[in-house]
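Heads up: the sequence shown runs through residues -19 to -1, 1 to 222, numbered per mature numbering (1 follows the signal peptide of the UniProt record, and there is no 0).
Simulated from the structure, these hints should not be mistaken for lab results. Among the clues, some could well be false.
Said to hold, decoys possible - With a cut-off of at most 25 Å between alpha-carbon atoms, the simulated SDA-like pairs for lysine to any residue come out as follows: (1) Lys161 x Pro138; (2) Lys141 x Trp168; (3) Lys53 x Arg40; (4) Lys139 x Pro109; (5) Lys53 x Val198; (6) Lys133 x Trp168; (7) Lys33 x Ser81; (8) Lys191 x Ser163; (9) Lys33 x Thr80; (10) Lys191 x Glu87; (11) Lys133 x Leu104; (12) Lys139 x Asp193; (13) Lys141 x Tyr204; (14) Lys133 x Glu75; (15) Lys133 x Arg186; (16) Lys222 x Leu212; (17) Lys133 x Leu42; (18) Lys141 x Ser163; (19) Lys33 x Pro44.
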Amino acid sequence: MKHPFAALLLICAATGAHAHHVWLEQNAQGAVLHFGEFGDNLRETSPGLLDKFPGPVARKLGPNGEAPVALKKGAHGFVLNARAGQGETLLVEERAYPTSERKEGEATVRSVYMPAARLAGDLSAHQPALTLDLVPTGTRQGEAVEFQAFYKSQPLPKAKVEVVTPSGWRQERHTDASGKFSVPLPWSGPYALELSHRDNQPGERAGGDKYDRASYVTTLTVYQPTGIAPLPAGPAAQPNK
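Starting from the given sequences, assemble the full structure and let the hints guide the process.
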């Protein structure tokens, strides 16, 4: 029997797609956590791969502090009854995605997948709050916006970040020694910035779930308020079952 995490990796390889990730999108009513491929217009559904997530946890950060946010699973994502305004952030983490096991020589290696998403209400400076996090620094130079990556609250150097628009435009960046990088955001509208990091140190999750390595994937969503009219997204991709 295939494990959910292993099956997910096989699907990504078979379709030639980039690794699946979670991300947040905001609308007038609130926000939605999606799982799939932002740049390929692929949103997994329920019934389907969305059901692999046992219970994402959401919260909102802002000048008035932190507050939990309720979310409810729908057919196309997890719906949050909250929005992020100026200086505010929405955060979602899945802390209980099932552990996978595989044989490496004579050893059985237990791995955990730790997906998370952040939506920044603006491009001002934000503070890290996720285990693996990516935040705007508030620094801009023309169209270029600066961001900074963190792991366990420390700047993460030499990390790869993929910047994507709904049309499928992509740029790859790498963080410098202080975890920072800059990238132009020429079109108005949303951008998804995907950051990944693998920690090969053993650890333990809540409930005594021990693991040998952890794969963290965090996606930051930001909205560029000005710029060129955005290119249209491609046709919606067929969800996997």
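How the hints compare with the structure:
Only pairs whose Cα atoms come within 25 Å are accepted, and Lys161 paired with Pro138 is accepted, the gap being roughly 8 Å. At roughly 22 Å between alpha-carbon atoms, Lys141 and Trp168 fall within 25 Å of each other, so this suggested pair holds. The straight-line distance between the Cα atoms of Lys53 and Arg40 is roughly 13 Å, inside the 25 Å bound, and the hint therefore holds. For the given pair, Lys139 sits about 18 Å from Pro109 by alpha-carbon distance, which is consistent with the 25 Å threshold.
As the CA atoms of Lys53 and Val198 are separated by approximately 22 Å, the hinted pair is consistent with the 25 Å bound. Of the pairs offered as hints, the one joining Lys133 and Trp168 is violated, with about 32 Å between alpha carbons and a cut-off of 25 Å exceeded. Proposed proximity of Lys33 and Ser81 is supported: the alpha carbons are some 13 Å apart, at most 25 Å. Using a Cα cut-off of 25 Å, the hinted pair Lys191 and Ser163 is violated, with the two alpha carbons roughly 37 Å apart.
A distance of roughly 12 Å separates the Cα atoms of Lys33 and Thr80; the hinted pair therefore holds under the 25 Å criterion. Our distance criterion of 25 Å between C-alpha atoms is met by Lys191 and Glu87, whose separation comes to about 18 Å. A distance of roughly 22 Å separates the Cα atoms of Lys133 and Leu104; the hinted pair therefore holds under the 25 Å criterion. Restraint check for Lys139 and Asp193: the C-alpha separation of about 23 Å stays at or below 25 Å, so the hint holds.
Restraint check: the Cα-Cα separation between Lys141 and Tyr204 comes to about 21 Å, which is no more than 25 Å; the hinted pair holds. A threshold of 25 Å between alpha carbons decides the hint, and for Lys133 with Glu75 the separation of about 16 Å falls inside it, so the pair holds. Taking the CA atoms of Lys133 and Arg186, the gap is near 15 Å; set against the 25 Å cutoff, the hint holds. Between Lys222 and Leu212 the alpha-carbon distance is near 29 Å, which puts this suggested pair outside the 25 Å criterion.
Simply put, Lys133 and Leu42 have alpha-carbon atoms about 18 Å apart, close enough for the 25 Å limit, and the pair holds. A C-alpha spacing of about 12 Å is found between Lys141 and Ser163, which places the hinted pair at or below 25 Å, so the restraint holds. Using a Cα cut-off of 25 Å, the hinted pair Lys33 and Pro44 is violated, with the two alpha carbons roughly 34 Å apart.
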